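Required output: the full structure, derived from the provided sequences and hints.
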Amino acid sequence: QVQLQQWGAGLLRPSETLSLTCAVDGDSLSGYYWSWIRQSPGKGLEWIGEINHTGSTKYNPSLKSRVATSVDTSKNQISLKLTSVTAADTAIYYCARGEITILSWCDPWGQGTLVTVSS
Amino acid sequence: DIQMTQSPSSLSAPVGDRVTITCQASQDISKYLNWYQQKPGKAPQLLIYDTSRLQRGVPSRFSGSGSGTDFTFTISSLQPEDLATYYCQQYDNLPPTFGGGTKVEIK
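Sequence lines, in order, name chains E and X.
Note that my numbering has the first sequence beginning at 1, numbered continuously upward.
Note that my numbering has the second sequence beginning at 1, numbered continuously upward.
Please keep in mind that the hints were generated in silico from the structure rather than gathered at the bench.
This one's a predicted model, so the numbers in the text were calculated from it and none came from an experiment.
This list has only true hints and no planted wrong ones.
With a Cα cut of at most 20 Å, we get these calculated EDC-like pairs of lysine to aspartate or glutamate: (1) K39/X - E46/E; (2) K31/X - E99/E; (3) K31/X - D107/E; (4) K42/X - E46/E; (5) K103/X - E46/E; (6) K42/X - D107/E; (7) K107/X - D82/X; (8) K39/X - D107/E; (9) K64/E - D1/X; (10) K64/E - D92/X; (11) K58/E - D1/X.
This is the structure:
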C-alpha cells in the first residue's frame, strides 16, 4: 500500500520561500507523475504542478514563475518550492500520486501540510 | 482555465436515499473527469476516474456518468460514512481544475 508522508515549515513570513518534501513509501517514483495540490478556503482546490522520476514537469501557469519541483530518486522523495510567498499562498498543501501520463487523477494523497503566511 | 461548476453546493438526505451531484465544465472535456471524496480533516480520496471508472476498493454504490460538458455523480444508497465533501476535477486541459465542492450531510 502506497503511503505519502509530507513535511515542511508551517509558518512563513511574506517574501519567504515555501519548501515542502514528500516521501513515498511502498512504491517507486518511476512510472508515475507526482503532483502538488493546495487547498484554501478562498480558492478551493488548486493544482500546482507535477513531476516524474526523470524530472519532467508541468506547472500551473498562474504559479509557474514562482514554483519549482524536484525529485530525489535515491530517497524516493519529491519536493516543492514556492518563492516570494504572500498571504494568498496560505493553504493546506498536498502531494499526491498521478499516473504514467501527465494530467490524470491523483491517488493516494499525502496527509497535507498547513502553511500559513503571516507577518 | 476550464471552470468546473458543481451543484448543489450542499445537500442533506436521509440514509438510504439516492443522491445526485452535477458538474458542468465551461468547455468540452470529453471523458476526462474525476470525482473525489474529502471527509472532514482528511485529504481527498479518488472515487471515480475517467468519468465512470470506479477506483479499486470503492463501494459500488458510487457511480459517475456524462461526457463533454455535463457530468453526474451518484450515490445509490446514502450511508452514514458518506458524510463528506465531493469534488469533480477535469484533466483535459492544463491546468487541471476542480469544482467548488458539494457538501453532503446526513439527515
